[in-house]
Structure formats: structure tokens, C-alpha cells
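In the numbering used here, the protein residues as written are 58 to 489.
Simulated from the structure, these hints should not be mistaken for laboratory data. Among the hints, a few may not be true.
As the list claims (entries may be wrong) - Beta-carbon label-pair distances, calculated as ranges:
1. 340 - 123: 36 to 42 Å
2. 89 - 254: 30 to 36 Å
3. 156 - 432: 21 to 27 Å
4. 156 - 257: 26 to 32 Å
As the list claims (entries may be wrong) - 27 Å max Cα-Cα, derived BS3-like pairs, lysine-lysine:
5. 441 - 95
6. 103 - 338
7. 287 - 161
8. 338 - 176
9. 95 - 126
10. 287 - 338
11. 441 - 126
12. 176 - 103
13. 126 - 161
14. 95 - 80
15. 338 - 161
16. 193 - 441
17. 161 - 176
18. 103 - 126
19. 193 - 176
All C-beta atoms in this analysis are idealised placements derived from N, C-alpha and C, irrespective of residue type, glycine included.
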Amino acid sequence: MPETIDLLLLGAGQLVTCGRSGKGPRRGPALSDPGIVKGGAIAVSKGRIFAIGSEDEVLSVIDGAQPAKTIDAGGRVVMPGWVEPHTHAVFASYRADEYEARIKGDSYLDIERRGGGIKKSVRDLRAMDENILFEKSRRRLMRMLEEGITTIEIKSGYGLDLENEMKMLRVIDRLGAETPLDVVATFLGAHQVPPDFNDTDSYVDVVIDEMLPAVVDSGLARFMDVFCEKDVFDAAQTRRLLEAGRNHGLGLKVHSDEIFAIGGTEVAIELGAVSADHLTKITPDGIRMLAESGTIGVLLPSTSFGLASRHFAPARDMVEAGVAIALSSDFNPGSAPSSSIQLAVSIACSQMRMVPAEAINAATINAACAIGMDSEIGSLEIGKKADIVLYDNEDYREIPSRAGSNHAVLVIKNGCVVWELSDFRSRSEVGL
């Protein structure tokens with residue numbers, strides 16, 4: 058027995074554990090198992106799950122210990138906190154004009170060519186005071202917390218020079234220190250070539266020789282990412298950048314196969330990247346190679362939705378081939394301005410034909426694998442962080458099927474209640 062039971066949660070109608078029988082991400086048929094315990098309970102000690110199972114099982118384990126706090130879930134759905142493995146949540150301002158332009162027929166590349174897109178976000182961020190940037194970003198993260206997001210990866214990439222990339226990474230670091238969420242930083246200096254460079258290779262040299270050593274010395278980033286895309290960084294340049302990041306001890310990620318398939322996924326697999334992200338235009342050979350690798354395919358359905366596109370990553374083909382799939386929102390100021398992971402899961406179901414359990418596992422345990430944190434978060438299992446969310450639903454499938462609302466009513470991070478809907482405990486029935 059632990060010295061104390063800090064929190065006891067009882068009365069879960071569906072306790073969706075997303076647990077695994079072994080290590081690594083879920084694949085194939087295992088992705089469709091939500092790991093449900095009906096009438097479930099969780100006991101928490103020192104921020105971690107001490108016991109989980111049916112109420113009788115958990116009460117037997119704690120053997121009469123009096124918890125410091127008891128929560129009655131009232132028959133609601135209880136799940137692990139969402140894990141966001143791919144976001145650009147630190148930015149200066151949204152680009153709503155581009156949303157209208159896309160509806161009128163402009164493409165992503167059309168907008169980029171006339172100085173919009175990432176270029177505009179770079180100009181805006183460079184002009185913004187660091188403290189103001191932090192406060193705007195903090196508010197965004199607190200809204201995401203209310204949806205049940207308890208861990209988030211955030212990329213730099215709107216600075217594109219050493220001064221402003223470091224500014225972004227310092228803000229990301231502060232967000233981890235000054236919000237309840239676990240925050241993972243990724244250095245994305247190779248997001249685009251800034252306008253003051255005419256030669257891509259020269260900018261690659263600057264990223265490798267100037268930015269990367271400073272970023273590593275600061276200790277502010279865990280991963281390095283590259284946007285491998287036509288007219289951005291080709292496969293050879295991506296390889297150079299990632300090899301340099303790997304040599305400096307950073308984990309690797311790649312934006313690949315979003316608009317054109319130019320070899321980014323293959324480079325990611327060859328170099329042992331933890332993830333290849335987007336994959337809207339992945340080829341059949343790319344799917345086969347990804348399925349045979351340890352690299353996770355992070356799919357971003359909200360991006361296709363935000364781009365007013367009818368083209369989504371071929372999730373069904375990938376699942377059936379055995380690819381380890383994760384989901385994320387790609388929250389950013391332009392192509393995916395929705396910070397809702399619940400919406401992303403819903404789009405994955407309706408547009409990519411993932412069944413709800415597949416999408417939920419992809420946005421929890423597999424998402425945790427995509428940032429190397431699956432031993433700590435992403436599922437409700439003994440010893441893991443007590444990152445727990447209650448939803449005002451009787452069935453977990455209501456979360457994606459009833460799109461457009463935040464279904465969360467209480468969020469627990471590291472065993473502490475960090476947000477709750479003011480009146481949910483007084484409701485006599487679920488879903489009122």
C-alpha cells in the first residue's frame with residue numbers, strides 16, 4: 058500500500074484505458090481495441106495511477122485506505138488525456154484571410170508565393186514582443202487543456218533566424234513551466250527558406266552550422282523537424298539536416314508527403330525518425346515501407362479540412378497495412394487554425410474512415426509513442442501519470458460522432474484536477 062491515496066475516481070460508465078499488452082504503438086487489429094472497463098475506477102497516489110480496474114478490484118487493492126479526494130464519474134466516459142504530437146501552437150496571429158482565399162480557389166502554394174502562409178507568420182512573430190507571444194500562446198494552451206489535452210508537442214519554425222527561433226523555444230519552455238500541460242519542444246528551423254535567402258543550400262548551412270549548435274547548447278529542444286516538400290527542402294537537403302540533428306543527439310521528425318511525395322517519408326524511415334507527419338500523398342510503396350519500420354505515421358486530418366481539401370491521408374490503407382498511426386491537430390495559424398483534438402478525431406472518423414477506437418488510440422497511446430513518452434502517458438495503466446479526462450457521454454463513440462462540442466467536463470493532470478465544468482457534479486444524468 059502507498060502512504061496515501063490522493064484521489065479515488067469511481068463510477069466510470071466506460072473506463073477507456075487505451076492500454077497495451079506490450080510495448081510500442083498499436084497497429085492493425087490492436088488499434089481498434091479501446092480497452093474498456095465497465096463500471097471502472099482509478100486510485101491515484103503521488104500523481105500516478107496506483108490501481109485501475111472495476112470498482113470492486115480497486116477498492117480491494119486500496120484496502121480501506123481513505124482517499125484525500127473522491128470523484129464520482131456518474132456513469133460517464135473516462136479516458137486518458139489526449140496527446141498532441143504535432144502542433145505549431147506558438148504564433149503571433151491567425152491568417153483568416155487565407156481561409157477565404159482558399160474557398161475562392163487559391164492553393165496553399167498560391168498563397169505562399171504571394172507572401173502569405175508561413176512567410177506572413179514569420180513576419181508577424183519577428184515583430185512581436187516575447188512576453189506578449191508567451192501570453193497569447195499560454196491562453197491557447199489553457200483552452201486546449203479544457204478539451205482534455207494534457208500533453209502537447211510544439212514546434213518552432215516561425216522565426217527562421219537564430220534570434221527568433223530561440224525566442225520561440227524560450228516561449229515553448231515557459232509554457233511547459235507555467236501551464237499544467239507537459240510540453241515537448243521541436244526545433245523546426247527548416248520550416249521554409251526565409252525571403253532574405255535566395256539559395257536553399259546556403260540556408261541549410263546556416264541551420265546546421267549556426268542555429269543547431271545554439272539550440273542544442275540551450276537544451277530547449279528534444280526533437281528536430283524538417284519540412285520536406287517541393288520548393289522547400291528536397292530529400293537530399295532533408296537528409297543533411299536530419300543527420301546533423303541526429304549527430305547532435307536530437308530525435309527526428311519529418312513533414313513529408315503533404316502536397317507532393319518527394320522522398321521525405323523514405324528519408325525519415327532510413328534515418329530512424331520517430332515520426333513522418335502529414336502523409337496526405339504517401340505512395341503505396343511508402344505505406345509498405347512505413348509498415349515495416351518503427352517510424353510512426355502522424356496524420357493531420359484538420360489540415361486537409363482547414364485547406365478546404367477533399368484529399369486526406371489514406372488512413373484505412375495504412376491501418377490495414379500495419380502502419381503505426383497517430384493523430385494530431387496540426388494546430389497552426391493558417392492551414393489548421395482549430396486547436397480541437399476532438400474535432401480532429403471526428404474528421405479522422407468521417408473522412409478517413411477510422412473507427413472511433415482506432416482514432417482514439419491514435420490520439421492517445423500512439424501519439425505518446427510519436428513523442429517518445431509512451432512509458433509515461435497516453436494510456437491509463439498502473440505506474441503511469443494520472444492524466445485523466447471525464448466526458449459527459451455514456452459511450453466513447455459519442456465524442457467523434459457528436460462533433461462541434463467540447464465533451465470534457467473534468468481534466469486531471471498528474472493526479473490533480475486542473476479544470477472542470479462548473480456544474481457537472483450537480484447533474485443527475487449524463488449528457489444533460
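**Asked** Looking back at the numbered hints, which does the structure fail to meet, lowest number first?
**Response** 1, 2, 3, 6, 12, 13 and 16
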